[in-house]
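Chains as they are written, first to last, in full-length UniProt numbering: chain A, 1 to 67; chain B, 1 to 340.
It is worth saying that the hints were derived from the structure and are not from the lab. Source: prediction; values computed, not measured. Treat the hints with care, since some could be wrong.
Said to hold, decoys possible - In the DSS-like style, the derived pairs of lysine-lysine whose C-alpha atoms are separated by at most 25 Å in a straight line are:
no., chain 1, residue 1, chain 2, residue 2
1, B, 143, B, 232
2, B, 333, B, 277
3, B, 117, B, 247
4, B, 232, A, 44
5, A, 44, B, 247
6, B, 277, B, 140
7, A, 43, A, 57
8, B, 237, B, 295
9, A, 30, B, 205
10, B, 237, A, 30
11, A, 57, A, 13
12, A, 30, B, 225
13, B, 240, A, 46
14, B, 285, B, 333
15, B, 140, B, 225
16, B, 309, B, 326
17, B, 217, B, 285
18, B, 259, B, 332
19, B, 205, B, 217
20, A, 43, B, 240
21, B, 232, A, 30
22, B, 309, B, 292
23, B, 232, A, 43
24, A, 48, B, 140
25, B, 217, A, 43
26, B, 285, A, 30
27, A, 57, B, 237
28, B, 246, A, 43
29, A, 46, A, 57
30, B, 88, B, 333
31, B, 247, A, 43
32, B, 232, B, 246
33, B, 225, A, 57
34, A, 48, B, 232
35, A, 44, B, 240
36, B, 143, B, 247
37, B, 247, B, 217
38, A, 30, B, 277
39, A, 30, B, 292
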Amino acid sequence: MEITVNGDVLTVKEDITNIEELVQELHLEKKSLIVEHNQTILKKDKHKETAISEGDKLEIVHFVGGG
Amino acid sequence: MVNNRYHRQMLFEPIGETGQKRLQESHVVIVGVGALGSSSAEMLARAGVGTLTLIDRDYVEETNLQRQQLFSEEDVRRQTPKVIAAKKRLEVINHFTTIHAEVIDAGVDELELIVPKADVVIDATDNFDTRLIINDICQKHQKPWIYGACVASYGVTFTVLPEETPCLQCLMDHIPSDGATCDTVGIISPAVQMVVSHQVTEVLKIITGNLDTLSGKLIAFDIWKNQQMELKVASLKDDKCPSCVKKQYPHLTYQSQLKTAVLCGRNTVQIRTSAEKIIHFDEMKQHLERNKQIKLFTNPYLLSFEVDKYRVVVFRDGRTLIHGTKNVQEAKKVYYQYVG
Ligand SMILES: [Zn+2]
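Can you make the complete structure from the sequences, with help from the hints?
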């Protein structure tokens, strides 16, 4: 399945079905992050119930502490 | 319009002569004078901001020079406090700007005295503990502040306006501590400058009264991977937020602050974090392994490493011992450099 994350086209395994699984696949699950899925900002409690499918566009921003 | 040093900036219509006058009457507080703070201080002094207060507890070291633009090799040799070195340099750049240099740790008590005098606060710190204190104090005193942070080639920034936007507490679901800092995974200067460009532009808009052009977005980028993200996060304002809605200011209380204790006779400082902070032990290990100057040892209960003259032991619950110093400030610095 092809999806777009932060402007880059990514091919992800078919067994990844929702946002929570995608975040884990990208090794971002430990970050404090905000996900926008097809132009909708998702609260974290919606990650599991939000399905992803071919052609979806995601923006993922995580907080960092350096400076 | 007279052809003075600010002429080109006044030609820029949204600023003009009125905006320039407002800049000259304004007071900006910059918390942290490392890479982000050096850069924004220089831009704001050149822009003609009347008063800058710079806060930093640290002194200049050699590894700062790659990106912290106000400092020189002489500052390294003299171990000059960062704010003193910055003030000296800024006064040469624009002697019309009044610089208050505060060699202090930006804790609750210190910021309570300084923030009420500010028009805007710029976050240029290297840790979330201080940011959450800034977040609460700026809500309490109704001051806008600009979150900014970077690591490696990635940066992120957001403008927090009291009574309007979500605050940092609304946006962050937890406070991560995974050892990904400028001292473990590195930092490149363009990432710093990009964050500062956003922060300073927002400050100029606020001071000159151009509030309608504020971005309102959470902005992030990875300048190496050519990625740019802008999220409209207004919907994430949490109607139960203890900081910006309920006005309980949880990070101003004693319980939430980093606790330090000097362990008698052991040349060691113990640091305990707030219960809110989640320690990501495995990630911390991976990040520390990337800095080859760090000698790392782990067992199922703790992670221990040696760097410079210190030995640092991090327990799974986050409690940390910094061996090799009795100085609390020095220990906190090592803690934020390597543990995060
Ligand atoms: Zn809030």
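Here is how each hint holds up against the structure:
Annotation: proposed proximity of residue 143 of chain B to residue 232 of chain B holds, straight-line Cα distance about 21 Å (limit 25 Å). Using a Cα cut-off of 25 Å, the hinted pair residue 333 of chain B and residue 277 of chain B holds, with the two alpha carbons roughly 18 Å apart. Between residue 117 of chain B and residue 247 of chain B, the direct Cα distance comes to roughly 20 Å. Compliance with the 25 Å bound is thereby established for this hinted pair. Restraint check: the Cα-Cα separation between residue 232 of chain B and residue 44 of chain A comes to about 16 Å, which is no more than 25 Å; the hinted pair holds.
Between residue 44 of chain A and residue 247 of chain B, the direct Cα distance comes to roughly 23 Å. Compliance with the 25 Å bound is thereby established for this hinted pair. With a C-alpha separation of about 23 Å, the suggested pair residue 277 of chain B and residue 140 of chain B falls inside the 25 Å cut-off, and the hint holds. Note on residue 43 of chain A and residue 57 of chain A: the hinted pairing holds, with a Cα-Cα distance of about 17 Å set against a maximum of 25 Å. Of the supplied pair hints, the one linking residue 237 of chain B and residue 295 of chain B is violated, its CA atoms being roughly 43 Å apart against a limit of 25 Å.
Restraint check for residue 30 of chain A and residue 205 of chain B: not satisfied, since their Cα atoms lie roughly 35 Å apart, outside the 25 Å limit. At roughly 22 Å between alpha-carbon atoms, residue 237 of chain B and residue 30 of chain A fall within 25 Å of each other, so this suggested pair holds. Taking the CA atoms of residue 57 of chain A and residue 13 of chain A, the gap is near 16 Å; set against the 25 Å cutoff, the hint holds. Between residue 30 of chain A and residue 225 of chain B the CA atoms are separated by roughly 21 Å; this keeps the pair inside 25 Å, and the hint holds.
With a C-alpha separation of about 18 Å, the suggested pair residue 240 of chain B and residue 46 of chain A falls inside the 25 Å cut-off, and the hint holds. Between residue 285 of chain B and residue 333 of chain B the alpha-carbon distance is near 19 Å, which keeps this suggested pair within the 25 Å criterion. The straight-line distance between the Cα atoms of residue 140 of chain B and residue 225 of chain B is roughly 38 Å, outside the 25 Å bound, and the hint therefore fails. The hinted pair formed by residue 309 of chain B and residue 326 of chain B meets the criterion: a straight-line CA distance of about 12 Å does not exceed 25 Å.
Between residue 217 of chain B and residue 285 of chain B, the direct Cα distance comes to roughly 33 Å. Violation of the 25 Å bound is thereby established for this hinted pair. Between the alpha carbons of residue 259 of chain B and residue 332 of chain B the distance comes to roughly 10 Å, so the proposed pair stays at or under 25 Å and holds. Note on residue 205 of chain B and residue 217 of chain B: the hinted pairing holds, with a Cα-Cα distance of about 15 Å set against a maximum of 25 Å. Distance check on the hinted pair: residue 43 of chain A and residue 240 of chain B sit about 14 Å apart at the alpha-carbon level, within 25 Å; holds.
At most 25 Å may separate the alpha-carbon atoms for a hinted pair to count; residue 232 of chain B and residue 30 of chain A meet this at roughly 23 Å. Taking the CA atoms of residue 309 of chain B and residue 292 of chain B, the gap is near 15 Å; set against the 25 Å cutoff, the hint holds. For the hint linking residue 232 of chain B to residue 43 of chain A, the alpha-carbon distance of about 13 Å falls within 25 Å, and the restraint holds. Straight-line distance between C-alpha atoms of residue 48 of chain A and residue 140 of chain B comes to about 35 Å, which puts the hinted pair past the 25 Å bound.
For the hint linking residue 217 of chain B to residue 43 of chain A, the alpha-carbon distance of about 16 Å falls within 25 Å, and the restraint holds. Under the criterion of a C-alpha separation no larger than 25 Å, the hint pairing residue 285 of chain B with residue 30 of chain A is consistent with the structure, at around 14 Å. A C-alpha spacing of about 23 Å is found between residue 57 of chain A and residue 237 of chain B, which places the hinted pair at or below 25 Å, so the restraint holds. Between residue 246 of chain B and residue 43 of chain A, the direct Cα distance comes to roughly 20 Å. Compliance with the 25 Å bound is thereby established for this hinted pair.
Using a Cα cut-off of 25 Å, the hinted pair residue 46 of chain A and residue 57 of chain A holds, with the two alpha carbons roughly 16 Å apart. Distance hint between residue 88 of chain B and residue 333 of chain B is fulfilled; the C-alpha atoms sit about 23 Å from each other, no more than 25 Å. Taking the CA atoms of residue 247 of chain B and residue 43 of chain A, the gap is about 22 Å. The hint holds against a cut of 25 Å. Of the supplied pair hints, the one linking residue 232 of chain B and residue 246 of chain B holds, its CA atoms being roughly 23 Å apart against a limit of 25 Å.
With a C-alpha separation of about 17 Å, the suggested pairing of residue 225 of chain B with residue 57 of chain A holds against the 25 Å cut-off. This hinted pair checks out: residue 48 of chain A and residue 232 of chain B have alpha carbons roughly 21 Å apart, not beyond 25 Å. Distance restraint check for residue 44 of chain A and residue 240 of chain B: the Cα-Cα separation of roughly 15 Å lies within the 25 Å cut-off, and the hinted pair is therefore satisfied. Taking the CA atoms of residue 143 of chain B and residue 247 of chain B, the gap is about 14 Å. The hint holds against a cut of 25 Å.
Proposed proximity of residue 247 of chain B and residue 217 of chain B is supported: the alpha carbons are some 23 Å apart, at most 25 Å. Distance hint between residue 30 of chain A and residue 277 of chain B is fulfilled; the C-alpha atoms sit about 12 Å from each other, no more than 25 Å. The suggested pairing of residue 30 of chain A with residue 292 of chain B holds, with an alpha-carbon distance near 24 Å, which does not exceed 25 Å.
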